[in-house]
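The listed protein sequences correspond, in order, to chains A and B.
Everything in the first sequence is counted per my numbering, starting at 2 for the first residue and increasing by one.
Everything in the second sequence is counted per my numbering, starting at 5 for the first residue and increasing by one.
Simulated from the structure, these hints should not be mistaken for laboratory data.
Note that the structure is a prediction, hence the values are computed from the model and not measured.
Fair warning: there could be bad hints in the mix.
[Unchecked claim] Not everything, but these chain B residues come out facing chain A in the computed CB check (under 7 Å):
{"#": "1", "residue": "G386"}
{"#": "2", "residue": "R400"}
{"#": "3", "residue": "I401"}
Where is the CB? At the ideal position from N, CA and C, for every residue including glycine.
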Amino acid sequence: MNKRTWPLALLVIAACGKDETPPPSTSTLSGELDLDIRDKASVSIEAEGTSTRVTVSVSKGFGVLPENTPVMGPGSIEAIAETGGTLYTGRLSGPVVPGGRCGDQPVSIGFSLHRDESNARVSGGMAAYCGAGVWHGTPVKVLRLSGSMSR
Amino acid sequence: MHRAALTAITCALVSAAWASSAPAQDKFALAMPHFNVQYVAGGMYGYWNVPNAETDLDADQIEDQIISESFEPLVAIFERHPNWATNVEMQAYMLDVIAARHTALLDRLRALAKARRIDVVSFHYSDQLYIAYPQDDWERSQDLVRRTFDKHDIPLSHTVFCQEGQAGPALADAMKSRGYTTLVWPKNLWLYQHGEFETQPLYRFDDVFLVVGSRNVAYTDGSTSVSVTWTFLDDGELLATSDMNPYFPDLFKADAEAVAEYEQRLADLEAQGYRIATVDQYVDAVKDRVKVADLPELLDGTWQPGTTDGVLKWLGGKGLWAQNERDNHVRSLGAMAHRELMAAEAIAAKAGIDASAALQDAWRLLFLGQVSDATGINPFRGEVEYGIAHLTEAIRIARDVVVEAKAALGVATVTIDPASGTVTDGAVPDPHATLIDPPIALSIVAEGRTVEQTWENLGTGHDRVTLRFGPGARQTVTVGFPSPLDDEFLTTLALDDHAVRSFKRSDFVFDHYHFALPVGLIGPVPGRFIIKDQGQVHVAARIYREKGDVEFIDLTAPPDESFTWVFHLVDGTPQDALEIARQINARRQVVR
Chain A
2 MNKRTWPLAL LVIAACGKDE TPPPSTSTLS GELDLDIRDK ASVSIEAEGT STRVTVSVSK
62 GFGVLPENTP VMGPGSIEAI AETGGTLYTG RLSGPVVPGG RCGDQPVSIG FSLHRDESNA
122 RVSGGMAAYC GAGVWHGTPV KVLRLSGSMS R
Chain B
5 MHRAALTAIT CALVSAAWAS SAPAQDKFAL AMPHFNVQYV AGGMYGYWNV PNAETDLDAD
65 QIEDQIISES FEPLVAIFER HPNWATNVEM QAYMLDVIAA RHTALLDRLR ALAKARRIDV
125 VSFHYSDQLY IAYPQDDWER SQDLVRRTFD KHDIPLSHTV FCQEGQAGPA LADAMKSRGY
185 TTLVWPKNLW LYQHGEFETQ PLYRFDDVFL VVGSRNVAYT DGSTSVSVTW TFLDDGELLA
245 TSDMNPYFPD LFKADAEAVA EYEQRLADLE AQGYRIATVD QYVDAVKDRV KVADLPELLD
305 GTWQPGTTDG VLKWLGGKGL WAQNERDNHV RSLGAMAHRE LMAAEAIAAK AGIDASAALQ
365 DAWRLLFLGQ VSDATGINPF RGEVEYGIAH LTEAIRIARD VVVEAKAALG VATVTIDPAS
425 GTVTDGAVPD PHATLIDPPI ALSIVAEGRT VEQTWENLGT GHDRVTLRFG PGARQTVTVG
485 FPSPLDDEFL TTLALDDHAV RSFKRSDFVF DHYHFALPVG LIGPVPGRFI IKDQGQVHVA
545 ARIYREKGDV EFIDLTAPPD ESFTWVFHLV DGTPQDALEI ARQINARRQV VR
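Make the full structure from the sequences, and use the hints.
As structure tokens, then:
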């Protein structure tokens, strides 16, 4: 099955319960990814209906994230149709990190992961921007993510 | 008048008269220290398995060390010698780093650059593998180079030298259009293509000039005599540090002895009558005095093709840490980012939204992500993932722009065609494809992997083959397209996506040659073209001098992962093939 169709199939299967009311179509991808090689990021991507939520908790904050504290925000799961890939994105609103790279400003995290075909491996990163609701600019830090994520 | 004063005036007059009648200085000492602040792209953190505070430097720290330990000592040399001048080459991003964290040094560099004592060479914003991507990417990178030099008030040199010595014949037009006047062509890229040669002082490179880097010149023509000696053409980081490189941050330190040695060498040359000069100064001095030579046919490439097997190192070749390399993933992701940005630009224009800031930011990330060091020469895992992280972020921003534009247009799904700038409501179906039997027998090596091969016809003379590789333990994958041997082969060249050029194998001496294929197209024989779909397969194409086959080789295919390669086979005219190649790789229509 084409990997772009199997999430849809899961939703269809989920909708085939005996109950008259269709259960909420939720799916969660999660995994512990390598963060800048040596550290870890627990990542959860939860899709419910048309909305997606990304939650990340890191073992080391690198001056842009609080450690071992979930940071979350809305996201998306989109196909890169012409190459059979999937892009997971998120806009994570982080707090002020005392002594961090953004001083007394909160940190906005652009989250992105790429999955090639239906492989378990995903890779991408988290780009940190200073200020609330800042989703592009010159990132003060780009953290690298890689590892396996599955349902 | 005092006698001493009279004597002084007399001496000055005699000196002036001598100067006006003396032959122009004809001995030149040139240099091109090539700096790369992305030498360890993303920093050293994670390079070694065991944590070590001395070596676990992040990107900023490594960048700072490169600037302080290797760049600043070179600037200081030229501050001490007002009569000397040199080139230094860097990506424009390095200027941003100097401006952000080394402001005093930026002021010193500016003073020397304005006095033409340091001529700052820059052709790309990031040390990106631009010969492997469509011209659009370099054009935007070049725009950012200009804005960066303007922002920091540093004069930009008219000379060109590039990361990894990337060079190609189509640079001539690109250079002219941007006001550059002289390309420094790496000597080994010439030798690899043509063997030994007698170096001329200056070559005609279409409407600009070319000098061969690191080749000394002894030229005599009648009463004209020109001598050139190159004092340095290498990674600039090595000059002041006794050949130590930034991968060893605990040892990568300015070495006063090495600096003094280079300084003395220049002083000795000056004493011998050499002018310690920039390439621009040299060309200005000799262009009307020497016979400007014609060039042989030249091909795109990099500066040490003998040791890197041409561009293979960056497009499928493996290095010391091969187990963590994934060249095809990184390079094809660069192609995907290109497509996303081209599409985002097109739909933003159509929707009339001002996304210029977001798009410029995303392009900048693309330039950083396309850095050569993410796939070669010996990238460690951190550099590979630096490329991926910057490229996925570029794609994320581009997708955000597309979402905003779709909202402005009030549409849910659109087909975006960057070639025409059109945006069509809904998903335009792909061209009708008919399954066909394989028209040729591919030679496929993928030990331990399943391979599913599907051929389709997409129209007259246009077939597509899709190769689905299953997971496997080994990293080597090779796909060979059989072809009869013909002396002529065809391809496009870096920075000219609008022309297919024809070459003769017999004009070159190489056994085989690797091409990056910026729009994916190569014709092993007139009338037949192979086009790689760069979003899925972006490894080098190998041709042979004595064999017609074309091979695509990846020695870094990730074990335990499946992947798909897609090629198009076009039987037609060069223009037919180019149009298809540009549709696939330069201006891809996408549904979003």
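Here is what the structure says about each hint:
| no. | hint | verdict |
| --- | --- | --- |
| 1 | G386 | holds, 6 Å |
| 2 | R400 | holds, 4 Å |
| 3 | I401 | holds, 5 Å |
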